[in-house]
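Since the structure of chain R is already known, use the hints to place chains C, S and V on it.
In case you want the letters, here they are:
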Amino acid sequence: MNVALTGVLTYLALGVVGLLGRGRLCAALAILAGLAALAAWAPGFPERVMGGLPWGVPVAGDTLALAFWALILFVHAAVLWHERHRTGAFHPLLTLLMGTCLGTVFSRDLFNLYVALELASLLSFLLAGYEGKARAVWASLQYLVLATVGMTLYLFGLGLVYGKLGTLSISEIAVRSPDLSDPALAVGVGLLLAGAAVKGGLFLFGLWLPPAHGYAPTGVSAVLSGVVVKMGAVALARLSEAFPVGPVLVALGILTGFGGLLYALWEQDIKVFLAFHTVSQLGYLLIGFGLGGPAALGAILYAVAHGLFKGLLFLAAGTGIEGMGVRSIPALAGHLSLPVVLGLGVGTWAIVGLPPLAGFAAKGALAAGVPSAAKWVLFALGVGTAASFSKLIPLLRPAGRQGGLGGMGLLMGAVVGFGLWGLAEFSGLMTPGAWGEAFLGAGAGYVLYLAVRRFHPRLPRFTLDRAAVATLLGAVGLALGVLLA
Amino acid sequence: MEGIAAAALGIALGGSGLWTLVRRRNVIWKLLGLNVAAGGAILFLVAVAHRPGARPAIEGLGSGPAADPLPQALVLTAIVIHFATLALALVYVIFLTEHRHTQDVHKLEREPEEP
Amino acid sequence: MRWLAGAAVVALVGLLALGTWGLFPRPPVPSWEEATAAFGARNAVAAIVLGARLWDTLLEVLVYAMALVGVRMVLRPLSRVQPVPPVSETPLLTRAADILLGPIVVFAIYIASSGHLGPGGGFPAGAILGSGLLLLALAKGAERLAQELHEPSLERVEYGAIAALLALGGLILVLSWRGSWLLVGANVLIGLEVAIGAWVVLHHFASSRGEV
Amino acid sequence: MATVLLCALTLALAVFALTRRRLLWGVIGVGAHSLALAGVYLFLAAPDVALTEAAVGFALVTFIYLLALRRTGRLVVAATEVYPLLYQEGDAVAGLEWEILERFGRWLHRDIEVLWVARADIPRLLAAGEADLAAGGFLPREGERVLLSRPLVPTRMIAVRTGPGPCGAVAGDRGQDHLPPGGPTYEDPEELASALARGELGGAVVDLLRLREWQLRDRVGEAETAAVEEDLAFRFAVAPGEEEVHQALEGFLGELEASGDLARVRERYLG
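Chains as they are written, first to last, in my numbering: chain R, 1 to 485; chain C, 486 to 600; chain S, 601 to 812; chain V, 813 to 1083.
It is worth saying that the hints were derived from the structure and are not from the lab.
Errors might be hidden in some of the hints.
[Stated by the list, open to error] Short derived list, chain R residues pointing at chain S, Cβ under 10 Å:
no.: 1; residue: Val17
no.: 2; residue: Leu25
no.: 3; residue: Leu29
no.: 4; residue: Phe45
no.: 5; residue: Pro46
no.: 6; residue: Val49
no.: 7; residue: Met50
no.: 8; residue: Leu93
no.: 9; residue: Gly166
no.: 10; residue: Ser169
no.: 11; residue: Glu172
no.: 12; residue: Gly190
no.: 13; residue: Leu191
All C-beta atoms in this analysis are idealised placements derived from N, C-alpha and C, irrespective of residue type, glycine included.
Pulled out of the complex, with its shape left as it was, chain R reads as follows (with noise of 0.2 Å):
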């Protein structure tokens, strides 16, 4: 414990040194401190509790930690490298949402989970209202509107569970075994998933998500997407350690699966487009995570991967439009250069799951650990997803190779690697039925995709009113659903 303790205290406090000055050497040399507090607390410690009984705060260092660790630091090295070139506040205030992560990630109490996740998003919004753009101000505010709800919400539900339970430990809840026909608990429990749940920016919940993901500075989407969002699903999960909410879970999960699919599938901004996309990728995060056991793990490892090839994608996107000024795909269609196709092209191939890469590996763990008729619904997540990111075909022709690969260089290289790695560690993976199962979901989707990209329907705009209403109700909904499951 105090070896990752004092990783992210050294992490967070070359962050604030770096404001003053020599930003990008406070980042490199945080990074290579978090990795030598990685690599000594490697294997994992079990839980303690930090700064002492009666009411310190428990931490543990178990595989979710340890996973998220490694991803944590790896996207921020890639995103330090792609973003090099920017100076002033922007790489320590990377270094200190990096920093916050890793202390969310092995946190187990409650209300600290909530301080860390204020702290990641505002940092966030800090980050993607960077430029000063009024669009992304406008975003930044809304979420932050949002986010104050949310966290009205979690208190609310804290007082609840905490004046049943008298604790805020999850080990020491779960040990409890709390009952939730007790209306008091159920309606807390309800409120502390929905605050988690605006956090993490489910479907219904956390409707700011793509808008304020989309018009980030191109380093900070990455980050974003393929880091930050993850700590709401993380609290969830935690959540669900503590309290028998895994089928509550898996209903949010199959919820924002299919309805951030529904937003990216006709969405043409190419940054909001993957951002919605994030959004329906948390569904198999918490679709594992609710059933929990082997596709806990298998959630774990789609959350790396996720991580890296969402990162990839990003920065390749951010790149493109950086060159080109322009944002809606089919304008950018035959303009970008040989690596930004290259880094959109492989990460395609990963998140649509077709072998080799990272995706097929963590789908298929995944799939692995769960129910069959949960395999249905991957499956059919994952045609929605191919239908989506066919959209993404005219881009991957080059139109010239000027321009280096930058971060992007070291993501793909570690798609590829955990993907070789997934097929070597899961014996499943290497038969032809899963292959086949992996080209026949991507071509129905591609079919799919065929089918409907003449249809242009008018999806409901969530504007502001609508999110907050939406939040609230999702709120209500959850601690009924709580309540009576």
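Relative to the frame of chain R, chains C, S and V by itself:
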């Protein structure tokens, strides 16, 4: 009695604040509503910490049962976090008023002229 | 939309009331005197905020500091070039500010340094000091005060305070050091950070205003 | 018991604050509510929370709201409709004065909000700080303390005669001063016009612009303008406490006049 009254007040504040949030069109009004709602949630936590006839959780201050210190400590954190978020939100409101000349949510939601 | 919003709020309030119903009567609080004494405090809330849950407090201080970074980042480019005149030139206000500032500073220092013994702590102390500075700014003119409080060095002090707090966090959380001097140190550092922050926010809000 | 009463007071303050029309009152009300909330915390044996709530939740939050309002606050304009100065067009506002107000708002970086009220209510709204400006068909009477801008559109009060019968006017309007004793008054110019059209009245004391509006919409037929009572001008009126706004408005109108824009706008609406 005091605890129940305070909890009820907290819930009522939460409700009225959230109602203001969803009904008003001006962003600053929305933030005011949120302010009241968050205050309600914080009061709710303090009400949960309270015990009938309790004294503050400070050694040597009065006698008898003390209030639960943990929620009170959490609330201190929550108050400051809320203030920080609010300050940032108001700064964004100033920025938007400067650039878009309005605080009306419906007008802000229309696409801005600049790219 | 209106009905939906009303239904959502009413349902939420109803659910909360339903949940709260089951909370009363409240069980007794376990004894905390020993744990408080272990941290060298008499105020249990201070022992939690500055000791057992210093980790939360560190993150919270960072939240506060990051909000300040945001305020600076957004408002600096919007600042007007022309100096803002003092709100009022009346000698009464200036005199009152001069007389009040001393007690305010003393009170803030008292609250910060005795927060582990009685009610108080770094956050209210910093906020009170920040409000006192605003009072002074109203009397003297924000720009003049801003010149006297050199902002770049304030910024350095602020970040230095946070770094020191993080180091203190290492001592308390990693090395398990205990003692009332640690709590006083943490409270004073937090108070410093909050006061500077409050001043920065208020000053930026006040001086980057439009023509009226 | 004291706690319960304080809780009730806190809730009442919050409800008071959140139901105001004017943001400034909302902020002040929420500030008072926070202070009462700090008192509740004191009663709940949470002195630390009370202190923090008073210092952060009350002092700092109220300060930043007030400063933000000073920076961005909207200008509230209390007005009565009069074509073509200030009138409603569907949901939107239009007219000569609206065009000037909109440009003034942009110049100040402030939103403009128009409250449509009865003429007689305007002085009260200005005095209570519920509105900053008055516009539209507002011609201040003797003894109404307001700060006046420079004249925008010249007009005059006239007595209209359509037949035998008493003479009417709008309540609180300048015309009331010239009304023969016993003449009825109406809340709304529209009501006055209908009374005139129904033949209940033999005449009215109104301003020239109002008469022109009625004639354009055929509300009065054979009208004789009986006597020229007084030369006046339409202008903005600023609430008595708002010297800063008044100065800014005068400066802005001065610029507008010097650049010739004011004349152009006048030309467009009045021909």
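Against the structure, the hints come out as follows:
1. Val17: holds (6 Å)
2. Leu25: violated (16 Å)
3. Leu29: violated (14 Å)
4. Phe45: violated (13 Å)
5. Pro46: violated (17 Å)
6. Val49: holds (9 Å)
7. Met50: Holds, because the Cβ-Cβ distance from Met50 (chain R) to chain S comes to roughly 6 Å (cut-off 10 Å).
8. Leu93: At 7 Å from the nearest chain S Cβ, Leu93 (chain R) passes the 10 Å test, so the hint holds.
9. Gly166: This interface hint holds because 7 Å falls under the 10 Å limit.
10. Ser169: violated (12 Å)
11. Glu172: violated (14 Å)
12. Gly190: Cβ of Gly190 (chain R) sits 8 Å from chain S, so the hint holds.
13. Leu191: holds (8 Å)
The earlier numbered hints that this structure contradicts are 2, 3, 4, 5, 10 and 11.
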